[in-house]
Each structure stands twice: as structure tokens, then as C-alpha cells.
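A.B. asks: Protein chains in written order, with the numbering used here: chain P, 1 to 296; chain Z, 297 to 528; chain H, 529 to 873.
These are calculated hints, taken from the structure and not from any lab test. Hints should not be assumed to be uniformly reliable.
To be verified - Okay, the calculated beta carbon distance ranges per label pair:
hint, chain 1, residue 1, chain 2, residue 2, range
1, Z, E323, H, D727, 32 to 38 Å
2, P, F113, Z, G382, 49 to 55 Å
3, P, R32, Z, G382, 18 to 24 Å
4, H, T571, P, A56, 45 to 51 Å
5, Z, S390, P, F113, 46 to 52 Å
6, P, R162, Z, E323, 50 to 56 Å
7, P, R32, Z, E323, 42 to 48 Å
8, Z, R512, P, T163, 46 to 52 Å
9, Z, S431, P, R32, 38 to 44 Å
10, H, G689, P, T212, 49 to 55 Å
Think of the CB as a built atom: it goes at the ideal place given N, C-alpha and C, for glycine as much as any other residue.
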Amino acid sequence: MTWVNAVVQGILLGGLYALFAAGLSLVFGVMRLVNLAHGDLSILAAFLVVAVVDAAGFSAWVGLVLIVPAMFAIGYLLQYTILNRTLESGELAPLLVTFGIAIILQNVLLEAFSADSRGLDAGSIETDSIRVTDQLAVGWFPLLTFVVSVLLLGGLQLLTSRTRVGRAMRATADDLRAAELMGIDHRRIYALAMGIALGTVALAGVFFGMRTTFFPSDGPVRLIFAFEAVIIGGLGSLWGTLVGGVVLGVAQTVGTQIAFSAGISPGWGGVLAGHLVFLAVLAMRPTGLFARTQTT
Amino acid sequence: MTLLRLDGVSSFYGDFQALFGVSLEVEEGETLAIIGANGAGKSTLLGTIAGSVPVSSGSVVYAGQEVGRLRSHTRVELGISLVPEGRRIFPSLSVEENLLVGSYRKRPGAWTVRRVFELFPLLAPLARRAGAKLSGGEQQALAIGRALMANPRLLLLDEVSLGLAPVVVKQLYEAIPAIAGAGTTIVLVEQDIGQAIRAADRVYCLLEGRISLHGRSSELSREQITTAYFGV
Amino acid sequence: MNERDFSVGRMTRASRAGLVIALAAVAVLAVVPFWGTSGNLHTLIDALTLLALAQMWNLLAGYAGLVSIGQQAFIGLGAYGLVVLGDKAGLHPFLAVPIAALAVTVIAVPTAGLAFRLRGGYFAIGTWVIAEVYRLVISNISELGSGTGITVGSAAELERGTRDKGAYWLALCAGIGAVLVVYLILRSRLGLALTAIRDNETGAQSLGVDVLRAKVIVYLVAAFGCAFAGAVVYLNLIRLQPDAAFTVNWTVYMIFIVVIGGIGTIEGPILGTAVFFVMQELLADYGVWYLVALGAVAVVVMLVAPGGLWSLVLRRFDLRLFPVQRRLRMEGVARLPELGPGPEG
Numbered sequence: 001m002t003w004v005n006a007v008v009q010g011i012l013l014g015g016l017y018a019l020f021a022a023g024l025s026l027v028f029g030v031m032r033l034v035n036l037a038h039g040d041l042s043i044l045a046a047f048l049v050v051a052v053v054d055a056a057g058f059s060a061w062v063g064l065v066l067i068v069p070a071m072f073a074i075g076y077l078l079q080y081t082i083l084n085r086t087l088e089s090g091e092l093a094p095l096l097v098t099f100g101i102a103i104i105l106q107n108v109l110l111e112a113f114s115a116d117s118r119g120l121d122a123g124s125i126e127t128d129s130i131r132v133t134d135q136l137a138v139g140w141f142p143l144l145t146f147v148v149s150v151l152l153l154g155g156l157q158l159l160t161s162r163t164r165v166g167r168a169m170r171a172t173a174d175d176l177r178a179a180e181l182m183g184i185d186h187r188r189i190y191a192l193a194m195g196i197a198l199g200t201v202a203l204a205g206v207f208f209g210m211r212t213t214f215f216p217s218d219g220p221v222r223l224i225f226a227f228e229a230v231i232i233g234g235l236g237s238l239w240g241t242l243v244g245g246v247v248l249g250v251a252q253t254v255g256t257q258i259a260f261s262a263g264i265s266p267g268w269g270g271v272l273a274g275h276l277v278f279l280a281v282l283a284m285r286p287t288g289l290f291a292r293t294q295t296t
Numbered sequence: 297m298t299l300l301r302l303d304g305v306s307s308f309y310g311d312f313q314a315l316f317g318v319s320l321e322v323e324e325g326e327t328l329a330i331i332g333a334n335g336a337g338k339s340t341l342l343g344t345i346a347g348s349v350p351v352s353s354g355s356v357v358y359a360g361q362e363v364g365r366l367r368s369h370t371r372v373e374l375g376i377s378l379v380p381e382g383r384r385i386f387p388s389l390s391v392e393e394n395l396l397v398g399s400y401r402k403r404p405g406a407w408t409v410r411r412v413f414e415l416f417p418l419l420a421p422l423a424r425r426a427g428a429k430l431s432g433g434e435q436q437a438l439a440i441g442r443a444l445m446a447n448p449r450l451l452l453l454d455e456v457s458l459g460l461a462p463v464v465v466k467q468l469y470e471a472i473p474a475i476a477g478a479g480t481t482i483v484l485v486e487q488d489i490g491q492a493i494r495a496a497d498r499v500y501c502l503l504e505g506r507i508s509l510h511g512r513s514s515e516l517s518r519e520q521i522t523t524a525y526f527g528v
Numbered sequence: 529m530n531e532r533d534f535s536v537g538r539m540t541r542a543s544r545a546g547l548v549i550a551l552a553a554v555a556v557l558a559v560v561p562f563w564g565t566s567g568n569l570h571t572l573i574d575a576l577t578l579l580a581l582a583q584m585w586n587l588l589a590g591y592a593g594l595v596s597i598g599q600q601a602f603i604g605l606g607a608y609g610l611v612v613l614g615d616k617a618g619l620h621p622f623l624a625v626p627i628a629a630l631a632v633t634v635i636a637v638p639t640a641g642l643a644f645r646l647r648g649g650y651f652a653i654g655t656w657v658i659a660e661v662y663r664l665v666i667s668n669i670s671e672l673g674s675g676t677g678i679t680v681g682s683a684a685e686l687e688r689g690t691r692d693k694g695a696y697w698l699a700l701c702a703g704i705g706a707v708l709v710v711y712l713i714l715r716s717r718l719g720l721a722l723t724a725i726r727d728n729e730t731g732a733q734s735l736g737v738d739v740l741r742a743k744v745i746v747y748l749v750a751a752f753g754c755a756f757a758g759a760v761v762y763l764n765l766i767r768l769q770p771d772a773a774f775t776v777n778w779t780v781y782m783i784f785i786v787v788i789g790g791i792g793t794i795e796g797p798i799l800g801t802a803v804f805f806v807m808q809e810l811l812a813d814y815g816v817w818y819l820v821a822l823g824a825v826a827v828v829v830m831l832v833a834p835g836g837l838w839s840l841v842l843r844r845f846d847l848r849l850f851p852v853q854r855r856l857r858m859e860g861v862a863r864l865p866e867l868g869p870g871p872e873g
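Just chain P, with the same shape it has in the complex:
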């Protein structure tokens, strides 16, 4: 039964990973930009909530409601002022600039909040669980995270497929110049996409902070998991990203369980197991499980 438990925990963890991955996938789909600061921005959001909680005594949930729109605005501005320019300079510039931003963020956070870990208090929901059977308990919070993730991905899917703005995003992704001829200002569309991406990654970061303690240096790992979820699921598919997240989560939790049962060092499970599954997918099915677009 511990195996079933491991799989269930993995699935729910996958929801969190999909939440991290959604923004990365959206931005790549719309403008072919890979934001190397994506993970650090989620940690920034978590620390901003910490700051709000410390300063004003609000609960973390109130902090969440305040910070997510703030991060949307930050994303919009970041894209409009800096990143739009880099996109015109070739392939290297956006990667190097976002990498620079990632380094700056990590170290500024380290300076502002010290190297100690922090946590966000979500209330009793953090520890409450539903007892499904004698051996299987499902935590409320992971379940909530998974549900939020599904709702968010569904929302994004609706946005891109049925709204005027979503169509404009897809048109811009298809053919920038033709979209301009339709009256679409691609600079604003890109900024909007980045804003949405940062809003969702802020949500992910805060949920992450509620679930576990976090450090200023946690950003890069979040980026890596988001990236793995996107690649496993397949580029161009938002629902694929959910599946990718779940596969990754299950690989990690089941990997840990295998290492435990086999009596080998636990280091072989968890994160490493996830990486190995990712590499296996990359080796055998490089376009991912549900790819719709190509890797270029």
C-alpha cells in the first residue's frame, strides 16, 4: 500500500510541478523565449509574501492575493521594457539576459532575507488530510494544489483557444508580421503573456512556500522541474504539461520508495530518479508524450 501512497503523492506533486511549468510553456509557445529566471521569480513571489506577512501581519493567503497581481505587473513591465528588446537581437540575448536576472534575483534575495529557510503558514489545511483507507491518507493541501493546477491549466487553455486575446497570441506566434497587419501590437501581446506567466509562477511559488520551507537559492531547481515537466509532456500542449508534471512527480516519489525498499542510498531516488526518467523520455521520445509543436 505504500506504493499506492507513493503514486498518489507523486500525482499530487505533479500538480504543483504543472503549476510551475504552465508559465514557462505559455511564454515559449507565444514568443519562443525560455525565461531562465522563471524559477527564481517564483521564489521571489514567495519571499514577497513573507515580507508582506512580516510587515503587515496578514495571513499568507491574503499575501497571495496581493502578490499574484503584483507579479503579473512585474512580468508585463519586464517584458515590455527589457525582454522585448532582447528578442530582436537574436537567440543568445534573451537567454543571457534572463540568466543574468536569475543570478541577480538569487543574490538580492539572499542579501535581503539571509540564507536561512523561511516558510509560509497556510493554516491547518497544511497538515490536515483525508483518510482514504487504512494505509492511504491524502493531504488537503496537495489536493488543493492539484485542483488549482487543473483549473489554471483549463483556464489558460480556454484563454488561448476561445478568447480574442488568446487568438491574437496564437496568431502572433504563427506569424508576427501578419499579426501586425491585423492590428495586433506584438509588444503588448508578449508583455501580456509574460505577465500571465509570472502571475501563475507566483501562484506556484507561494503554494510551494506553503508546502515546504524554502531558501533564496531554490529558484534554479524549480526551473529545472518546470522544464522537465514541459519536455516530458511535449511542447505546445498545456494538458501535456500536466501529464509531464505528474510523470515527473510520480518518478520522484516512486523512485524514493524503490530506493528505500531496495535498501540503497536514498539519494538515488527523489530528484535524481526524476532526472533519469526525464533523460529516458528525452532519449526515447524526444518530442514528449503529447507534442504539438516542434522543438525549434
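Mind docking chains Z and H on chain P? Use the hints.
C.D. replies: Quick look at chains Z and H alone, frame taken from chain P:
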């Protein structure tokens, strides 16, 4: 009234000068054709009107307003719509979605998806088909319909006939009078001289970036056109 | 113009001067161990290995268009290769360094097979994941010290002066060698292919350039260079931990040096390494603000002067110390505009 006036417009295509001080006028409601050989500068000319090509000197005045500095997405709002060379429909969007994107910045007017399907009945059964899966003629019809969805005052058509079979081109050109009849001013660029003369009220001929001839299509002789077109 | 004699060649007056200066510099550097202190040597070892790493990263990103944020994989593997060959297999550490680098290059082949299934930004993150995998795997191997690390016994056993000198000359080989290898590659047919790929990849492919092969060769050369440098670094430091050997900070330094110095040029990373060391001295007391400054300067340079400091020098002086482009030389004409695209592509 004069809807569009170009005064001494010069423009570059990369490092190469494509237009040398071109001046022309378009009356509201008329259909104007610009003909010329490959490389004469026709697409560049339309680009300067639509805003996709920058103007290095001269002015582009539309409805009394200097628009030469405006970006193309702003000009759509003013009523200028370009059907670009090569169609450039959005491959991952369906026919219907392509049309809806056309109305992203629409002005008040009568064009709707249904009306476009009435104008081009071949598109109606393809409403859900992805743009990438259409034939050349279907794509061209879609591109025109998409531009109409913005309810333009000035419709620019770039090389409608390019790469299409004559019978398909004939069908597409049958739609032009219906569009003009609704009051839309049309400027069309064509290599197919016969089609252009038949469709247009007036004709300009471009030769190596300069106007070599202009006049009413009914009044120009074949020799005049051939001389102006080829520069012999 | 046809009456005058002309020739096509690479050397200019500036590059001839540059060659003389370079040879003199190498001669000076070669004899430092005879008069320098241990501290001097250690500083220069740091500088020379960083120069080697920067040249490798520049080769990847500036010439092959491959942004890798996972070169630390090979740095760490080179270091652990030194341990395996020196401690476990009993080779003399000075010999173990180049052999470890070769062994790592072999490992780089299947690694490339995986990494090259990705492109652009995802290739970049993919290289990072691969580095993480190597780090985690090694952290699990108790014979290599697991997460707490291991001492490079074969290096520790050497007499200090010998070790310092040996590590220094190996570092000199790494630094000079890296510059030389990049220079030779760029003057070869591979270099021509790389320039074509950098300008227009699809165009190059349609002309018959084997784009994938060119990129893989560059990847393997960079793996060798990084592994060699990594082995030298830890030959010098003696104490080796996976978290330090495989840290992404290596990439941060490489990127900083290349971007600020001038990406896509050979002179750029040399200039960048010098700037880096100056900054390190100036900002040593400021803790993490040092890294913030590094990141900020790199971002600003990318936005304002993407060709880095060296491009500013070039714009002013048309200096080329490492001539790779062929130029038209006419009789009696002192200076000519260049033919072909500049380093910014």
C-alpha cells in the same frame, strides 16, 4: 475626395532602394491597379501604405492625415488593411479563427464571418479546417476575407494571382466588384495585366521604382502599357 | 584597381604586433614559477583556468550558437577523473590530468546524444539537468567521498613546490592551449562552417554544411577543455566536493567573462578574464553584492553593447590580434575596410 496621396515617396528594401520619389493619388471608392514587372517595387509600395515598410523620404497622406510614421497595427484602426503577398494566413488557426483575428481591431461596419462566407462560398464548409491545410486559392480567399473583417476603408491587395491557376484567379477577382460596391476603396497590385485592367478604374505602372504610366484603364492602349511595363 | 597588385591574407600589421606581444607574454608567464611565490602561482592558476573555461564557453556560444549552462558537468567530471586515475589507478597526477580530460570527452559523446535532442533555450536547461545528474550520481558514490567530498590524495602527497609548479604549467597549457585551439579551429574548414552556421544555419545546411557534426565536434572540444581545466583546478585545491565542483557558478563566471569581454571573438575572453579579476579584487569585501554586480553588468552589456568591451575597442581601432578573417591587401594602400561580417555576426 482623395483618400490616399503619396508624395515623392522613396523607400528601401534592405540596402536596395526600391522606390524613387513615387507620387500617386487614390480617390475614395475607386479601384486602382498598380502593375509592373517582378522587382518593380509594387509590394514595397503597398508596404509603405500599410506601414510594414518604412518611408525614407516623402509623405503618405491618408484621409488628410500624415501616416508615414505610424506602425502598421495603428493604421488598421484607421481603416487600412493589407492582404499581404503570399497570403500569410495563420497556419495553426482554423479558417473561422483566421477571420476572427481579422476583426481584432475592427472598425464599425458590416463585414462578419457570415458575410465573408457569402462572398467566398468555397470557404464556408472549411470553417474548422486549419489554415495550413488549405489550397492556395482557399488561402487567398481567406486572406482577403480576413482583411475585410476589419471593415477597412482602404483595402490593399498584393499579388492576388501569384501562384494560382487562372480559373481560381478568375473566381477571386469576381469578388472584387462586390467589395468595391460596398464602398471600399481598393488598391491592387498585379503582375497579371489583363486581370488588373479589367478590375480597375485607373492604372499606375511601376518600372524599377518609378511611375512610368498612369491613366484610366479604358483609355490606355496595349502598346502604351507594354512600353511602360517593360521600359522598352 | 586591376593594375595594382593585390594579395589575400590574414595578417595585418596589428596582428603581427599582436603575435610578438603574445609570444613575449607566454615566455614571461612560463618562467613565473622560478621567481613567484606560492600565492602568485595560485592566483595565476585561477586566472589561466578561468581563461581556458571562458574560451570553451565562447567557442560553444559565440561560434556554434550553443548556449550551455551545464559545462560544470565536465569540470566536475574532470576533477573526479583526476581522483580516479591519480588515487585509484595510481597514475602520476600530472599525467592523470590530460588522460582524465580524454576520458571525460568519451563520456561527452553519449551526453551530446541526449543534449542535442533539444534546441535553443531548452538545450541550455538540458545541459544544466545533465550536470545535475552527474553531481547527484557522484554524490551517491561512497568510494568518491559521497556528498562530503574527498581529498585528491595523489596531489596531496606531492611536495608543495612541485605541486604548485606542475599545476601552474598545466594551467598555462590549459589557458594558452585553449586560445590556440580556438584560433586553429576558426582558421580551419570547421571554422568556416561555424561562421556560416552562425550567420544563417538553414542556409548553411542547404549548402551541404553538416551542421550537427560541426556542433558535436565543438561540444566535444569544449568538454575536453573544461575537463582539463577542472582537473587542474582541483589538482591545485586538493580538496574536492561535488557541490563545489559541479556548481553552476562556474557557468556564471564563464558567461560573465565572455559577455563582458566580447562574445564571438578570441580576444574578448582574454579581456574579460582580466576585467573579472579586477572586479573580484575590488568587490571582494562585499559578499553577495559581488555576484549581483556581475549579473547586472552582464545584463547591461548585453542590452547596450552586445559585442562586449572588445567590440568597443574594435570599433575604435580595427585591431585584430588574432587574425582569422582573410583580408584584401592592396599595394600602397595602408588600411582597407573589411570584407565580410564582423564578430557581431
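A.B. asks: Are there hints from earlier that the structure breaks, and if so, what are their numbers?
C.D. replies: 1, 6, 9
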